[in-house]
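Generate coordinates for the entire structure from the input sequences, incorporating the hints supplied.
Taken in sequence, the protein lines are chains E and F.
Numbering follows my numbering, in which position 238 of the first sequence is assigned residue number 238; successive positions increment by one, without gaps.
Numbering follows my numbering, in which position 82 of the second sequence is assigned residue number 82; successive positions increment by one, without gaps.
Just so you know, the hints here were simulated from the structure itself, not pulled from any lab data.
Please read all numbers here as calculations on a predicted model, not as lab measurements.
Worth double-checking, as some hints may not be accurate.
Stretch-level coverage of chain F by chain E, calculated; a stretch enters the list once three of its residues show a Cβ under 8 Å from a Cβ in chain E [unchecked claim]:
hint : segment
1    : 47 to 59
2    : 79 to 88
3    : 95 to 104
4    : 320 to 334
Straight line, CA to CA, 27 Å or less: simulated DSSO-like cross-link-like pairs of lysine-lysine [stated by the list, open to error]:
hint : chain 1 : residue 1 : chain 2 : residue 2
5    : F       : Lys259    : E       : Lys82
6    : F       : Lys334    : E       : Lys82
7    : F       : Lys273    : F       : Lys476
Partial selection, computed: residues in chain F whose CB lies under 8 Å from chain E [stated by the list, open to error]:
hint : residue
8    : Val91
9    : Pro232
10   : Ala255
Ideal placement from N, C-alpha and C gives every residue a C-beta, glycine not left out.
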Amino acid sequence: MSMASEAGTRAMVFREKVFAALDRGGRWFNVLGFGWVVPILKIIAGDSPREQLTELREKLLIPLFGIALFLVLWGVLAPQVKTSLGAIPGPVQVYEQGEALWADYMSARQQETDFYARQDARNAEFVASGQADRVRHFDYTGQPTYVDQILTSLKTVGLGFLIATLIAVPLGIASGLSPTFNGALNPLIQLFKPVSPLAWLPIVTMIVSALYVNVSDAFPKSLVISAVTVTLCSLWPTLINTTMGVASIDKDLMNVGKVLQLTTFTTIRKLVLPSALPLIFTGLRLSLGVGWMVLIAAEMLAQNPGLGKFVWDEFQNGSSNSLARIMVAVLTIGVVGFVLDRIMYALQMAFTFQENR
Amino acid sequence: MNDTTRAKVKNVFVKRRSLLLGMAAALLGLSINMPFSAPASAAPLKLEKEQLKFGFIKLTDMAPLAIAYEKGFFQDEGLYVTLEAQANWKVLLDRVITGQLDGAHMLAGQPLAATIGFGTKAHIITPFSMDLNGNGITVSNAVWAAMKSQLKMQPDGKPMHPISASALKAVVESYKAQGKPFNMGMVFPVSTHNYYLRYWLAAGGLNPGLYSPTDTSGQIGANVLLSVTPPPQMPATLESGTIEGYCVGEPWNQAAVFKGIGVPVITDTEIWKNNPEKVFGITAEFAEKYPNTTIAITKALIRAAEWLDADNGANRAEAVRILSKPNYVGADEKVIANSMTGTFEYEKGDKRSIPDFNVFFRYNATYPFYSDAIWFLTQMRRWGQIGDAKPDAWYADTAKSVYRPDIYLQAAKALVAEGHAKEADFPWTSDGYKPATAAFIDGITYDGHKPNAYIDSLPLGLKDKQQVVGTEVVAK
Chain E
1 MSMASEAGTR
11 AMVFREKVFA
21 ALDRGGRWFN
31 VLGFGWVVPI
41 LKIIAGDSPR
51 EQLTELREKL
61 LIPLFGIALF
71 LVLWGVLAPQ
81 VKTSLGAIPG
91 PVQVYEQGEA
101 LWADYMSARQ
111 QETDFYARQD
121 ARNAEFVASG
131 QADRVRHFDY
141 TGQPTYVDQI
151 LTSLKTVGLG
161 FLIATLIAVP
171 LGIASGLSPT
181 FNGALNPLIQ
191 LFKPVSPLAW
201 LPIVTMIVSA
211 LYVNVSDAFP
221 KSLVISAVTV
231 TLCSLWPTLI
241 NTTMGVASID
251 KDLMNVGKVL
261 QLTTFTTIRK
271 LVLPSALPLI
281 FTGLRLSLGV
291 GWMVLIAAEM
301 LAQNPGLGKF
311 VWDEFQNGSS
321 NSLARIMVAV
331 LTIGVVGFVL
341 DRIMYALQMA
351 FTFQENR
Chain F
1 MNDTTRAKVK
11 NVFVKRRSLL
21 LGMAAALLGL
31 SINMPFSAPA
41 SAAPLKLEKE
51 QLKFGFIKLT
61 DMAPLAIAYE
71 KGFFQDEGLY
81 VTLEAQANWK
91 VLLDRVITGQ
101 LDGAHMLAGQ
111 PLAATIGFGT
121 KAHIITPFSM
131 DLNGNGITVS
141 NAVWAAMKSQ
151 LKMQPDGKPM
161 HPISASALKA
171 VVESYKAQGK
181 PFNMGMVFPV
191 STHNYYLRYW
201 LAAGGLNPGL
211 YSPTDTSGQI
221 GANVLLSVTP
231 PPQMPATLES
241 GTIEGYCVGE
251 PWNQAAVFKG
261 IGVPVITDTE
271 IWKNNPEKVF
281 GITAEFAEKY
291 PNTTIAITKA
301 LIRAAEWLDA
311 DNGANRAEAV
321 RILSKPNYVG
331 ADEKVIANSM
341 TGTFEYEKGD
351 KRSIPDFNVF
361 FRYNATYPFY
371 SDAIWFLTQM
381 RRWGQIGDAK
391 PDAWYADTAK
401 SVYRPDIYLQ
411 AAKALVAEGH
421 AKEADFPWTS
431 DGYKPATAAF
441 IDGITYDGHK
451 PNAYIDSLPL
461 GLKDKQQVVG
471 TEVVAK
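In structure tokens:
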């Protein structure tokens with residue numbers, strides 16, 4: 001009798017531990033957008049299905065229903081609109097073009113391998129015939145594939161965002177700590193914040209063309225131009241949020257610092273940054289979001305071979321597939337933007353103190 | 001055996017081995033890219049720069065570049081070329097000037113305008129003319145309907161070609177009576193399209209407007225207002241009514257027909273038979289710093305042009321397939337196919353045979369003639385882009401500094417020595433001037449040796465020592 005109930009109690013305790021662990025881990029699943037996995041795992045672990053089903057309905061079924069409704073509406077309404085490039089493509093055509101882009105990527109990979117194989121063969125030839133000075137190791141000369149273009153866009157937005165953070169965070173801290181500095185900087189911020197990336201582009205192009213010397217093939221001028229344009233448009237949210245975060249630090253903390261006679265650098269490192277971090281991260285998230293949007297516009301004209309150039313080139317092609325391919329690009333841009341945002345949110349959750357930890 | 005003989009024997013072995021390897025690789029390689037081929041038997045040029053990037057705009061006459069890449073002509077010369085589509089003509093020109101691009105598919109007027117300082121100043125030269133003809137003027141459906149009543153018809157009910165702009169005159173006047181401006185589009189202020197459109201309008205009695213040193217809109221005193229629109233946006237602007245017509249290269253005229261939004265009224269070969277169109281432009285510094293590379297590039301492009309015109313157009317179908325790839329021109333194959341295979345559709349259903357719509361190699365299309373450069377300079381003067389009168393010698397000197405048949409002939413000689421081209425295909429003894437010709441829609445004779453006399457003989461536009469001051473034409 002006691003053995004059975006002991007085993008039963010132990011099993012129940014174990015189950016409770018599992019649920020608690022799932023709840024804790026559930027926070028992380030939420031952050032990454034996979035919150036609906038938790039109720040499923042709980043049902044598998046043996047929790048009461050009815051509760052979990054309600055949660056599951058909220059987290060999984062309703063969003064799925066929303067997406068499905070959107071797809072149905074799109075599929076029905078799109079063919080009704082006839083543009084000069086053909087009817088607007090529905091979900092099926094967009095999916096087909098997505099597959100076509102993937103097939104292009106695979107065949108381009110094959111061509112690239114062939115290219116390098118040929119180059120190696122030719123080099124071996126030259127060495128064998130004593131013309132070692134004609135050996136060459138050049139990069140593949142073909143077109144960047146869709147995946148390459150996504151990576152170039154990510155690289156560019158990363159560079160632009162990094163430069164923006166390096167400029168905005170120190171300026172923001174200085175602004176937050178010193179009202180005088182803030183007073184001097186504020187009019188400039190308000191003046192330049194509303195400027196669109198396409199207005200910055202010609203100026204940035206001229207300046208970068210004049211001043212920048214190609215450091216390496218990994219950072220050609222077109223990439224730097226796009227990155228600098230991203231910086232100019234995305235540094236404002238970080239700057240403003242950092243200023244606010246630093247300015248709203250608890251006065252008691254500052255007094256503690258003064259009592260302990262901490263140096264400015266230590267004050268910043270130990271007091272200011274940790275307490276301002278939530279707002280700084282909010283600013284960083286906004287900046288990354290804005291930067292990603294701006295990048296697509298900048299690439300269309302700066303000729304950086306990323307997703308923006310893909311969209312513009314497809315528009316120029318004017319073929320019957322072009323609209324569908326542009327929509328694939330739109331969806332890709334959306335997905336990548338969502339993923340970037342989630343990464344920033346996850347970092348924010350990891351590095352800041354939350355009230356309901 | 002002495003060293004030279006040993007080297008020659010080694011050479012033979014290298015060639016045979018590489019030939020076998022080449023055959024194996026060609027069989028393996030399923031893609032149409034770069035068939036492996038052995039270096040030519042003549043000593044290959046020592047190239048100064050092998051990795052190159054060329055820009056182009058998505059128009060069918062970028063074909064020589066695409067073919068030179070896809071058929072391995074660049075690779076045969078030892079060049080590793082990347083082709084990159086550009087957003088518009090201005091970006092393309094700027095990137096060549098700043099060195100981001102080593103060379104580009106350019107409008108014939110761009111190297112000339114850049115060298116004389118109209119727009120960004122830079123010394124651009126061209127050793128290779130990419131093609132002849134290839135443009136068309138399209139008008140909206142509404143304008144076509146109004147024009148049709150003015151046209152002379154053939155016995156089969158179709159309009160008689162070439163259609164003069166005088167048929168457009170009544171339409172423009174009716175617009176004026178209603179107080180509406182009559183707008184047309186072209187692709188760039190110094191584009192061949194601008195000059196052919198203006199020539200056609202002036203020949204029909206319509207004033208396309210003048211430029212002045214202070215007003216670069218080109219609309220001073222105009223009956224028809226011309227403005228710049230990038231080629232891919234032309235069908236959309238035509239549909240929306242912002243412009244009533246445009247002059248542009250293919251596939252944008254046939255695209256308008258396929259989409260049912262416009263009707264091409266004339267192709268530029270009917271305005272000037274076998275007119276110069278695009279050139280391959282590089283900076284003068286590039287040619288100076290890398291002379292062997294320049295010759296190698298020209299050789300590859302000549303071979304590509306030859307291939308395109310070979311056997312009465314036998315290769316054109318394959319060219320269409322290559323061009324319709326999204327990284328080249330990208331338009332649907334059936335839209336590109338018309339003009340590239342010798343037909344052109346005017347009104348829907350009115351398909352006519354124009355075998356010379358695109359000429360890439362025949363009629364010495366690839367030779368950069370000074371007289372072609374001078375024609376564009378005369379048109380720049382006629383419409384005021386060149387503000388004051390210049391002596392005949394100035395035209396000749398400017399043409400000589402921009403067009404470089406010397407580089408072209410060196411490349412041609414090398415190709416003939418290698419057996420890739422026939423000696424009879426090239427005009428070795430030409431002085432750079434085509435003979436005087438009257439093959440224009442209005443029959444006026446053009447002699448490249450006498451540019452000022454030619455300018456004075458044209459209807460409309462500046463003549464003699466006239467200048468535009470403010471909005472008035474002043475005789476100096």
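Here is what the structure says about each hint:
no.	hint	result
1	47 to 59	holds (count 3)
2	79 to 88	holds (count 8)
3	95 to 104	holds (count 3)
4	320 to 334	holds (count 7)
5	F/Lys259 / E/Lys82	11 Å, holds
6	F/Lys334 / E/Lys82	20 Å, holds
7	F/Lys273 / F/Lys476	35 Å, violated
8	Val91	6 Å, holds
9	Pro232	4 Å, holds
10	Ala255	6 Å, holds
Consistency note: the structure conflicts with earlier hint 7 alone.
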